[in-house]
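**Student:** Chains as they are written, first to last, in the numbering used here: chain G, 1 to 573; chain D, 1 to 573.
It is worth saying that the hints were derived from the structure and are not from the lab.
Treat the hints loosely; a few may be bogus.
The list treats identical chains as one, so a pair stands whether inside a single copy or across any two.
[Claimed, not checked] Okay, derived cross-link-like pairs now, SDA-like style, lysine to any residue, Cα gap no bigger than 20 Å in a straight line:
id	residue 1	residue 2
1	Lys495	Tyr433
2	Lys272	Val457
3	Lys172	Gln104
4	Lys115	Ala133
In this text, all values refer to a predicted model and were calculated from it rather than measured experimentally.
Okay, here's what each chain looks like letter by letter:
There are 2 protein chains.
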Amino acid sequence: MHRLRHCRGLACVFSPSAQSALKLKNNIPLASCSGLVSYCWGSRSSHQGQSSYYYSSWRPRLRYVLMSLVAGTGAVVAYGLHQVKSERAAAAVPQTVSLPVYTQEEVMKHCSLDKGIWVTYNGDVYDITDFVAIHPGGNRILLAAGGALEPFWSLYAVHRQEHVQEILSGYKVGVLQAEDCKKQEAANLVDPYSTDPPRHPALIVNSLKPFNAEPPPGLLTDSYITPSALFFTRNHLPVPQVDPNKYRLKIEGLPSGTMSLTLNTLKSNFPKYTVIATIQCAGNRRSDMSKVKPVKGLNWGFAAIGNATWSGARLRDVLYHCGFGPEVAAKARHVQFEGLDCDVTGMPYGVSIPLNKALSEEGDVLLAYEMNGEELPADHGYPVRVIVPGVAGARNVKWLGKVVISEVESECHWQQNDYKGFSPGTNWDTVDYKSAPAIQELPVQSAITQPVDGSLVDRRMEEVNVKGYAWSGGGREVVRVDVSVDGGKTWHVAKLRDNGEDEFPAPSPQPGRAWAWKLWEIAIPLPEGAEVLEVVCKAVDSSYNTQPDSVPPIWNLRGVLCNAWHRVKVKVN
Amino acid sequence: MHRLRHCRGLACVFSPSAQSALKLKNNIPLASCSGLVSYCWGSRSSHQGQSSYYYSSWRPRLRYVLMSLVAGTGAVVAYGLHQVKSERAAAAVPQTVSLPVYTQEEVMKHCSLDKGIWVTYNGDVYDITDFVAIHPGGNRILLAAGGALEPFWSLYAVHRQEHVQEILSGYKVGVLQAEDCKKQEAANLVDPYSTDPPRHPALIVNSLKPFNAEPPPGLLTDSYITPSALFFTRNHLPVPQVDPNKYRLKIEGLPSGTMSLTLNTLKSNFPKYTVIATIQCAGNRRSDMSKVKPVKGLNWGFAAIGNATWSGARLRDVLYHCGFGPEVAAKARHVQFEGLDCDVTGMPYGVSIPLNKALSEEGDVLLAYEMNGEELPADHGYPVRVIVPGVAGARNVKWLGKVVISEVESECHWQQNDYKGFSPGTNWDTVDYKSAPAIQELPVQSAITQPVDGSLVDRRMEEVNVKGYAWSGGGREVVRVDVSVDGGKTWHVAKLRDNGEDEFPAPSPQPGRAWAWKLWEIAIPLPEGAEVLEVVCKAVDSSYNTQPDSVPPIWNLRGVLCNAWHRVKVKVN
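Same shape as in the complex, but just chain G:
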């Protein structure tokens, strides 16, 4: 059974107070859900049970609203925009008793703006022609024109909320005839997430559909290599079902045209390399950031990070094999990746990395087909994913379908309008996604996995044992972790552990190739008379970058890049 920390997929959990807080002027309720599509921003609650926070200024900008939703990811809702039109529409709503009955065939004729856009939902027929222009997801809504909404709403589960149906009701023009209703019901039984793989029951679930989950932090530092079943999972869409025999990796942008490689070719024709690399979600520790002020995104704790061995062909070997050479090098600057996980329109998950990272012998970018010595689990990209060591998880594309050598970055939402960092002073009114670079290398990070926040320490123990992890992006080795039990006034140097398992000896990394985290621990004497300990850690990497002291100065509206000192409070009894 999954523990639902804060379900943001199929169903949304809201306290009554949160719901009322989210109602807009015109009493149109606005709820939070950030599975595939998020219909509001600024609302959140942490899994530790703190009260919810709401942003005081709710002024979404249509451009970002549309861009975000078209991309089918967690995003800003624009249902507030609906309010003016809904008043008009509401005035025109006829009573159900007097509504005509339509056949599916008649509905299907209304599939263009000229002829009107009709859709069906739950046996009713709606003319949403006027709504198209204000649909938060843009004209993607036209995909449903003349047909049923259910297949789309099951993918973008955020629609399954009372307030969305309320809005829809304003456009009702008839009912579907009984026979067609039955046909639809049969078809609608298909859940796009029904083929998602089984998961480990220990995972703390942030969102079930799509699946996003992290392990309990205590388990995280039990082993230097994170067991695959406990490795955090960040899916943007349903897990694609890939037949390994039919799998083809397409390589584009080279003089020879599109190349197509089988799984067997990847495994047999290229040397197999193995790296131990830590992958961290750019949103790791978002829950620390949202304590300061609401942010938009999955409410990750501090375990959206893991360390595994990855084996596969080097991307550079494959690119050179496929014809990469000086001619391409003269122009190309980026390598784009596309996943086989597609949204309802067939648009795949896509991002890119700089070409020099992909080509460098020291970049260690892999087309990995093994994780921890076994074939990739479905949730981690079976049969092939990219491993871009030192770089944010978002660029380590799973279920890899296509590699494109290009002069430009990926045009996809996840490269252009997501996974970027902004100043604390930037809000949704002023944000300009073009002004910030896509997150690639991540900054230095560390967190405390023991003691647990809010736990008790026995004064008779004389010492408090502190454990955690530390890692930095760009292959910069963690060279020191400082730990304090008095909130940062005095510091102790923790003992670093490169690895603890004989079967996974971590080689001494070359400068710039330290891809794996370090686990650390220290026993610190209990300060005399202290009743509360504020345990704090900060890591230093080989470029002597260190973590900022506090969260507010690095707060950003997307809640990414949260790497301030990690803090845990414990009581001494």
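Position chain D relative to chain G; hints supplied.
**Tutor:** Then chain D, alone, in the frame of chain G:
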């Protein structure tokens, strides 16, 4: 005329209170001086005129004392160790009137521990045999055995202090005959720094001999390219006089044995590359750190940084030309550099960098013979220096004499026991230099050059103009600078300036090759009613590392790596 901010070379400036604070139990005075050799630690005063600080626990560890002083750099004094012996010696001091007269020849016979160690100073003869073991500079003192102290004290000007002469007086055994005195006086007129080049009068001098100086911060951001004459100078020893026709660069550690390259060979046989690179001293902003707690080192302000164009041969081209290949690559890990600037024993300045930085096409390491389009100035390494972009100034060796490919780092003091970072909890009792990596890449940095700390802002102006620089090590481009006028509560995004001079267009850097700083500026509305503004800046680099909030948590006993938010206070009138 040089403005002596805090002379730590030839003569030391002390307030009477500072001197008394430094007296030890037995009334042996202990003064601070950190030119070539520092005879105490924990004492300092900033150039802004704050009162001096003294470390409460004065417990030098002989090992570090000797290691530091043997290396001829600023270091810990061990004159406290002298106190026991001095009591004994003081009891034995005869009156001058009864002292015998010795010839230079007789003195010269006492040049070994067997025969006793005699030296002369200012016409007097001293038997320092008992002092050798407790000399802070270790047995390097034996170099003066049988001769005059003056040539050594002129190089290590720290000796020229009253308390050192007081100690020496305890060992007096005679006077030198008049004729030999005259000969010595003639010889002692040679000042090893007499051939140092003329310098720009605007420079703020930290130490005259050796010369260490930085420009006034306001001038620093006047131009994207720092004029050579205003570029901060960090010399460890006298500037060597190099005849370009006799200059030879030695390359060692390759199968072909020692190679020797002329200046002309470097210029003619290898393609000339130019990079715009910022060089920053690892001790930049040390004065901010020493406000928290005393640190050891030159009291740099925040202008020990500059940006210049550097032209020369690529080190990788030279190494491959000299026979670098797979055979060497299999073993070698470091490239050591030695300067032609030597201490009195002939030991050169020496450090090393990782081999992969030196060999990478994207590392852009140059054997530079030009700075800002002209041959290197004497203070900046004429005729050849190494430019290691993105790496601390200390590794950018000037007056380059030798390059050694090696399995190990340089064994020199500056690599092993200096230029390393430690935890704030590490003190001189607990420091273990082996536990920390040598500083290579520097962390992200920024500072405010306008307004000046303590200045006035006219309320009628409505805005305050803020300017500064920002840079990060490792080729990580500065992507954003946040500025606050309320001490960090609210933030504004500054406008970045890549370059401002048509003659030096900065090319758009590839990822990981952004070697040059960015100048930035912003006009921020004056907060209503504010009487004091705390102006603060922090930069973010392409790996989204940012600067820590405050200095105390990054304080370290050497005062290096000070990159906390830069803060300036101004009054509104």
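**Student:** All hints are to be evaluated individually against the structure, with a verdict given for each.
**Tutor:** Here is what the structure says about each hint:
Taking the shortest alpha-carbon separations for Lys495 and Tyr433, only the inter-copy value of 16 Å comes in at or below 20 Å, while the best intra-copy value is 40 Å. In this assembly of identical chains, the alpha carbons of Lys272 and Val457 never lie at most 20 Å apart, being 48 Å within a copy and 64 Å across copies at closest. In this assembly of identical chains, Lys172 and Gln104 lie within 20 Å of each other by CA distance solely inside one copy; the values are 15 Å within and 115 Å between copies. For the homomeric pair Lys115 and Ala133, the shortest alpha-carbon distance inside one copy (15 Å) is at most 20 Å, but the shortest distance between copies (101 Å) is not.
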